[in-house]
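Enquirer: Given the coordinates of chain A, work out where chains B and C should sit on it, guided by the hints.
Protein sequence lines correspond, in order, to chains A, B and C.
In this text, residue positions in the first sequence follow my numbering: the first is 1, and each later residue adds one.
In this text, residue positions in the second sequence follow my numbering: the first is 1, and each later residue adds one.
In this text, residue positions in the third sequence follow my numbering: the first is 1, and each later residue adds one.
Some hints here could point you the wrong way.
To be verified - Partner residues are not named here, just some residues of chain B that face chain C (Cβ under 8 Å, in silico): (1) Asn-27; (2) Pro-28; (3) Ile-129; (4) Arg-138.
Calculated from the structure, these hints are not laboratory results.
Using N, Cα and C, we set each Cβ at its ideal position, and we do this for glycine too.
The chain contents come next:
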Amino acid sequence: MVAGLLLGGFYAAVSLGISLIFGLLDIANIAQPAFVILGSYAAYVMNSSFGLDPILTGLLFTPAFYVLGAVVYRVYYASFERRGEESLRGLVFFFGVLFIIEVSLSLKYGVDYRLVEAAYIGKSIDVGGVGIAFRLLVPCLVGLAMTLALHLFLSRTFYGRAIMAVSQDRLALRLMGANPVQIKTIAFGVGIAAASLAGALLITIAPVVPSTDRDYIGRMFAITVLGGMGSIGGALAAAVILGVTESLMATFFGPSWSLAVSFGILLVALAVRPAGLFGR
Amino acid sequence: MRRTGGVLLVGLAVVAAGVALAMLRVNPYVYFAGYVILQYVVIATAWNILGGYAGYVNFGTPAFFALGAYTAVFLIQSTRAPLPVLILAGGLVSGLLGLGIGYLTLRLRGVFFSIATLALSIVLQTMIINWEYVGGSRGLSVIRPSGPPFGGYVTFLFTVMVLLSVVAVTVARFIERSWVGRGLAALRDNEEAAECMGVPTLRLKLFATTVSGFLLGVAGAPFPYYVTFVEPTSAFNLDYAVNALAMPMIGGTTSWVGPVIGAVLLGTAQQLATVTISSEMNLFIVGVVLVAFVVLAPEGILGLVRRLRGR
Amino acid sequence: MKRHWKQGLWNCALIGALVGVFVLASGGVFVARGADPIRIGFGMALTGGLSANGKPALLAVQIWKDDVNKRGGLLGRPVELVYYDDQTNPATVPGIYAKLLDVDKVDLIISGYGTNLIAPLMPIAIERKLTIMGMFGLANNEKYQYQNYFQIQPAGPDPQTSTAIGFFELAGKQNPRPQTVAIVGADAEYPQNALVGARELIKKFGFKTVYDKTYPPSTVDYTPIVRSIKATNADIVFVASYPPDSVGMLRAAQEVGLQPKIFGGGMVGLQFTSVMTSMGPMLNGIVNYDFWAPEATMLAFPGIKEFLKEYQARAEKAGVDPLGYYLPPYSYSLVQILGQAVEATQSLDQQKLADHIRATEFNTLVGKVKFGKNGEWAKGRTLMVQYQKVHGTGIDQFRGPGKKVVLYPEEFKSGAIIYPYAAAKN
Chain A
1 MVAGLLLGGF
11 YAAVSLGISL
21 IFGLLDIANI
31 AQPAFVILGS
41 YAAYVMNSSF
51 GLDPILTGLL
61 FTPAFYVLGA
71 VVYRVYYASF
81 ERRGEESLRG
91 LVFFFGVLFI
101 IEVSLSLKYG
111 VDYRLVEAAY
121 IGKSIDVGGV
131 GIAFRLLVPC
141 LVGLAMTLAL
151 HLFLSRTFYG
161 RAIMAVSQDR
171 LALRLMGANP
181 VQIKTIAFGV
191 GIAAASLAGA
201 LLITIAPVVP
211 STDRDYIGRM
221 FAITVLGGMG
231 SIGGALAAAV
241 ILGVTESLMA
251 TFFGPSWSLA
261 VSFGILLVAL
271 AVRPAGLFGR
Chain B
1 MRRTGGVLLV
11 GLAVVAAGVA
21 LAMLRVNPYV
31 YFAGYVILQY
41 VVIATAWNIL
51 GGYAGYVNFG
61 TPAFFALGAY
71 TAVFLIQSTR
81 APLPVLILAG
91 GLVSGLLGLG
101 IGYLTLRLRG
111 VFFSIATLAL
121 SIVLQTMIIN
131 WEYVGGSRGL
141 SVIRPSGPPF
151 GGYVTFLFTV
161 MVLLSVVAVT
171 VARFIERSWV
181 GRGLAALRDN
191 EEAAECMGVP
201 TLRLKLFATT
211 VSGFLLGVAG
221 APFPYYVTFV
231 EPTSAFNLDY
241 AVNALAMPMI
251 GGTTSWVGPV
261 IGAVLLGTAQ
271 QLATVTISSE
281 MNLFIVGVVL
291 VAFVVLAPEG
301 ILGLVRRLRG
311 R
Chain C
1 MKRHWKQGLW
11 NCALIGALVG
21 VFVLASGGVF
31 VARGADPIRI
41 GFGMALTGGL
51 SANGKPALLA
61 VQIWKDDVNK
71 RGGLLGRPVE
81 LVYYDDQTNP
91 ATVPGIYAKL
101 LDVDKVDLII
111 SGYGTNLIAP
121 LMPIAIERKL
131 TIMGMFGLAN
141 NEKYQYQNYF
151 QIQPAGPDPQ
161 TSTAIGFFEL
171 AGKQNPRPQT
181 VAIVGADAEY
191 PQNALVGARE
201 LIKKFGFKTV
211 YDKTYPPSTV
221 DYTPIVRSIK
231 ATNADIVFVA
241 SYPPDSVGML
251 RAAQEVGLQP
261 KIFGGGMVGL
271 QFTSVMTSMG
281 PMLNGIVNYD
291 FWAPEATMLA
301 FPGIKEFLKE
311 YQARAEKAGV
321 DPLGYYLPPY
331 SYSLVQILGQ
341 AVEATQSLDQ
351 QKLADHIRAT
361 EFNTLVGKVK
371 FGKNGEWAKG
381 RTLMVQYQKV
391 HGTGIDQFRG
401 PGKKVVLYPE
411 EFKSGAIIYP
421 YAAAKN
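Chain A on its own, in the form it takes in the complex:
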């Protein structure tokens, strides 16, 4: 149960980017998990070559990922949004990007599982009879911090509020003098930057292989949909629900079904309440 909560915090970190990009900008970026894995590999390379702590690497690479995100968005915008043919081709575009990232990583690093070493992996503390692994605790805390940071960004800063605005009404935003394309670029960049850190957290928890991204596609979208598009707090709640459900399934029914359960939640949510728990 506790492990489920911790896992939930981590899932929140992983889904932050998608909450922003899909939830607010309405761009179905299914390549997001691939960016996360890219972050994981960045952490791995830094860790094995220089011994850098993975989370530090994640933070360090944030600007680079931000730029990457901005570039990807510009391509997307130029090719699709401007022409107004978003849905079909945009989706295929991102799917292609996902594929390219995954295969490039396979080509460069092979399909062996990659791990990282850090001072806190393998240790745990005892809280009231329940052992809590640092390996899970640290990513969870970082995840919560990230969620809080993003929430503050969106509600307190100019650009953050502009992003919220652009998701609601582009025309009004234009009239107020801000450039929606620029705002969206920033948002997309932030979303991908979040992936960098999330990737570092991921490889802290478990070994990673290029195809790990596929396990997370469903989880990410399940969380965003369940939480309600555009609600960061909702995403956090949904992430925790998912983490706990998976853990409980693993403990009581046997782990075989836990993954399918998360997708089941997604399908049910889509069918019953597509607006999600805290949706607009």
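Expert: Chains B and C alone, transformed into the frame defined by chain A:
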């Protein structure tokens, strides 16, 4: 009338050519490679009915394909049914899956349908892994029946695939030219407008997903006899998803010709690459070509040809 | 009307042109080849999930080819390898072997690596009456009972219990005798087979099962599983897992503080150098299956030292497991047997080779090999090793004897077990 007759004639001619090729007993490698390419013709055509005509992107191709294959496995294990029964059953089951998924999600926006199809593959794979009768996670060895007089069972499968490709393409062409196709095109361009004009969008969408699913299942049903060992990871391989997407996108999604072009081109390239260069480079190239086409030439090769001809 | 007709013609022309391109392009595939070298063809997992084992296997086979050619080849002719990447995807196997046999016209074939990749090869080989040397597959021949199939994995006549038998036998010999067992494994081919065998052995040895569950291979966090196992207080914990889960399980076990009396069994991955060096002392006390270890009892086989020297020299450049103590010696022995059969029968005739292999006991890099029922080893020889006194994460401690002590079978035993598991942990 005349047109339909003409189409049937061409279809029959192609099938006859396929059978002739089989009887010629040229190098057996041709039949193995040819089977895979033709299988992709069916898959690409099936995908395009939903993706190209209706504009709904299905990322869950492996689910439908594998369901067709596993339906066949189930029937082989339980009743040793003959191939035509397997094909029909595989198609029906996958068609039902298409109908079900369509019913669940098509009242939402297109992007939710696509995400649901992603989830579908994983859920279905988990279910198959836990189903021991069809081999579960261990996989199942399937013994080919003593076949008809073609010199090898795979040669027979090759001719079956020729037939199935012709059927799939005929169905696609028929849909494209009928009022169904026009309705689908209308809802692809602007669903709300189509609704307002009285196009029965929901029913058309369900029709498209069912037919698409049916054909994908049909493509999957002979697979167990081709590969003789079916296990979840390779049956649900992401390659099917990517290729099902890339082939119509590269060939051109607006007509039945596009998927065929894409399948023949990409399929051949991949078969050649398997026996020449490293296979992961091959996947990388597919990904890059896909993105390039989507960004630069969204109408695929057909679109390029059309532009060249000045239309 | 007219436009449709022309359009249709255009379409057919386009497709016809493409088919023509296809035919021409594939023509390049059908290049005529000279008849002098002896060609051995196979598919191998060079990419995909099993490539971590496929690539070292290929290297070992290549080393054998070089060794043989240095001595003048087979039957006086040089040996050439023709291989393609099967991508760890069974669907590629029929096409690959069709190309090898019908286009490249190889003289001999061996299988790819792994049960799933050997399976599709069986009907092809049976149809054409070929001799297959199988590289690490579990029970591939059980359904077919094909006479000309031979498997290099030392599982023996009962493949399903082969992994676990040493483990449970050792458990049964301890004093005081452990009573309860927890078994757990991944939802995948090998672990499921191993668990079936484990259940059989538990009954045979009279233990009591208190936990018997499986998990999906994509599990991220093993803590709930390990916690449930700890709650049962089982004396024996048997795990059948693939590399990522093996690592996950051990880490979770350390965090949760799981310390049964004997722990391990069928964990794949612990044999890989990269895993050994990253897990380090977490391995201490684990009793696990293996096929080869650098202990004195196993280094005595003829030629093994030279092979390992050559392998380790080439391994780094090839980007494969640097020590090569797990599968490469067996891959080498597989082709070594084939080569010895060719020389002994002085022929490439498939049936003659098969008959000879079936009847002979071979002297190979991994000792004496004799095949029995269904092509498996006449007597199983899966080892049980225990990791002892591993400290830090250096690779050199694993080069020589002492860290992976062989406990079973008796004839290769190189040390004593540290029991219970907790005692090995300091």
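Enquirer: Given Arg-138 of chain B as an interface hint, is its Cβ closer than 8 Å to any Cβ of chain C?
Expert: 4 Å, holds
Enquirer: Per the CB criterion, is Ile-129 of chain B less than 8 Å away from chain C?
Expert: 5 Å, holds
Enquirer: Taking the closest Cβ pair, is Pro-28 of chain B under 8 Å from chain C?
Expert: This interface hint holds because 5 Å falls under the 8 Å limit.
Enquirer: Going by Cβ atoms only, is Asn-27 of chain B closer than 8 Å to chain C?
Expert: Cβ of Asn-27 of chain B sits 5 Å from chain C, so the hint holds.
In terms of the numbered hints stated before, the structure departs from none.
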